[in-house]
Amino acid sequence: MTDLYSGVLEFYARQMPLMEEGRIEEYADTFTEDGVFEHALGWRLEGREQLIEGTRSGLARYAGKALRHWHDRFTVDRRPDGALDVTYLAMVSLVDEQGQVTFEPSCTVRDVLVWSEEGAGGGRWRTRSRFLRHDTSDMSRVWEGRLTGRT
Amino acid sequence: MTDLYSGVLEFYARQMPLMEEGRIEEYADTFTEDGVFEHALGWRLEGREQLIEGTRSGLARYAGKALRHWHDRFTVDRRPDGALDVTYLAMVSLVDEQGQVTFEPSCTVRDVLVWSEEGAGGGRWRTRSRFLRHDTSDMSRVWEGRLTGRT
Amino acid sequence: MTDLYSGVLEFYARQMPLMEEGRIEEYADTFTEDGVFEHALGWRLEGREQLIEGTRSGLARYAGKALRHWHDRFTVDRRPDGALDVTYLAMVSLVDEQGQVTFEPSCTVRDVLVWSEEGAGGGRWRTRSRFLRHDTSDMSRVWEGRLTGRT
Numbered sequence: 001m002t003d004l005y006s007g008v009l010e011f012y013a014r015q016m017p018l019m020e021e022g023r024i025e026e027y028a029d030t031f032t033e034d035g036v037f038e039h040a041l042g043w044r045l046e047g048r049e050q051l052i053e054g055t056r057s058g059l060a061r062y063a064g065k066a067l068r069h070w071h072d073r074f075t076v077d078r079r080p081d082g083a084l085d086v087t088y089l090a091m092v093s094l095v096d097e098q099g100q101v102t103f104e105p106s107c108t109v110r111d112v113l114v115w116s117e118e119g120a121g122g123g124r125w126r127t128r129s130r131f132l133r134h135d136t137s138d139m140s141r142v143w144e145g146r147l148t149g150r151t
Numbered sequence: 001m002t003d004l005y006s007g008v009l010e011f012y013a014r015q016m017p018l019m020e021e022g023r024i025e026e027y028a029d030t031f032t033e034d035g036v037f038e039h040a041l042g043w044r045l046e047g048r049e050q051l052i053e054g055t056r057s058g059l060a061r062y063a064g065k066a067l068r069h070w071h072d073r074f075t076v077d078r079r080p081d082g083a084l085d086v087t088y089l090a091m092v093s094l095v096d097e098q099g100q101v102t103f104e105p106s107c108t109v110r111d112v113l114v115w116s117e118e119g120a121g122g123g124r125w126r127t128r129s130r131f132l133r134h135d136t137s138d139m140s141r142v143w144e145g146r147l148t149g150r151t
Numbered sequence: 001m002t003d004l005y006s007g008v009l010e011f012y013a014r015q016m017p018l019m020e021e022g023r024i025e026e027y028a029d030t031f032t033e034d035g036v037f038e039h040a041l042g043w044r045l046e047g048r049e050q051l052i053e054g055t056r057s058g059l060a061r062y063a064g065k066a067l068r069h070w071h072d073r074f075t076v077d078r079r080p081d082g083a084l085d086v087t088y089l090a091m092v093s094l095v096d097e098q099g100q101v102t103f104e105p106s107c108t109v110r111d112v113l114v115w116s117e118e119g120a121g122g123g124r125w126r127t128r129s130r131f132l133r134h135d136t137s138d139m140s141r142v143w144e145g146r147l148t149g150r151t
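Residue numbers (full-length UniProt numbering), protein chains in the order written: chain A, 1 to 151; chain B, 1 to 151; chain C, 1 to 151.
Pulled out of the complex, with its shape left as it was, chain A reads as follows (with noise of 0.2 Å):
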């Protein structure tokens, strides 16, 4: 387990189930204290308590559904730092009541993971800074859409 891109593949691969289960405050501590989330929409959460706020209103939009995040292409560099700009692609499935699969549009999702000492069990990877880009230029419609039971 020593390869460094084994390791951000692990690191997706416990981050998002801890969102998806709805624990917010385990997820937030994935990100760092001083962490940013980016929309290219335009709207930004910083630091862990708007990160808490926006991830909880955020998954109001997928009540009464199961929500998984998919990831393909990851790609990694090292920062002269010890940083790691990590690039991916994700996308968003979701499964309703009656087992009725939809999915999100596709997004491009660009982190910067640091290594980080802080808190218990010693160092690990956290998330400093994301950036995320929907494949549609209308991202607040789709979730507009999931809010009101039209999609």
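It should be emphasised that the hints constitute simulated quantities derived from the structure, not laboratory data.
Each computed DSBU-like pair below joins lysine-lysine, with the alpha-carbon atoms no more than 35 Å apart:
1. K65/A to K65/C
2. K65/B to K65/A
3. K65/C to K65/B
Following the hints, position chains B and C against chain A.
Showing chains B and C alone in chain A's frame:
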């Protein structure tokens, strides 16, 4: 190819096509002799004979469709005895004769892999147990829908 | 980043966005000069000129949609001469202007990658051949459906 994580990814890359292509005995051979396949719905297959029968009847649901298993978010933890705890996300895609694509609900899987010297070709990983939970409360209804063509 | 398997995953993570974003000459440059792209339907592109033309006309099918390639289940085997036999599962997702997501049939792909010192920037993997088979008997019908908006 010495990285443990990569070796695990490749194990699934070789295991699952055997099932999809109906090479059921070869698929069963990727489990240990006493291997267990258990579903959160309550059913349980134990040993290769049950695994072969259960897989055969499971595949009958998909007659006329091309079945593929997609995976993501693998975590790999080595136990003191050398066995591996592996978790991942999975989803089945189906392509019908008109080229129409549908998906079964996402599921989470917990496997235990053990290194096995059994059989020809030197040591390799085998599945000792698999526990699968779909992200829907009533997967049997989804499967019945497929059987009767209602989905 | 020295693990062979990880290096192969990252190769595709960098190759496929070039095609999706219409950077066709850069995409063609990820193949060897005599690179071959062959489809089970019978068509065959050989060399960068054909690859560029064939990719350009292929992309025309997706005008107005965001195209993404998803991969899974990579196997990597090194040949005695150092070339790599790589197999994987792939699927194309499309997002239209309303944010609606559709998928093309899954396909299986067999590539041969070779280490190449050609061009600037030091050695890297390049695709010497790609053979692609969709999980449907009549992929041309699927593509025609897209072209005429019937899908």
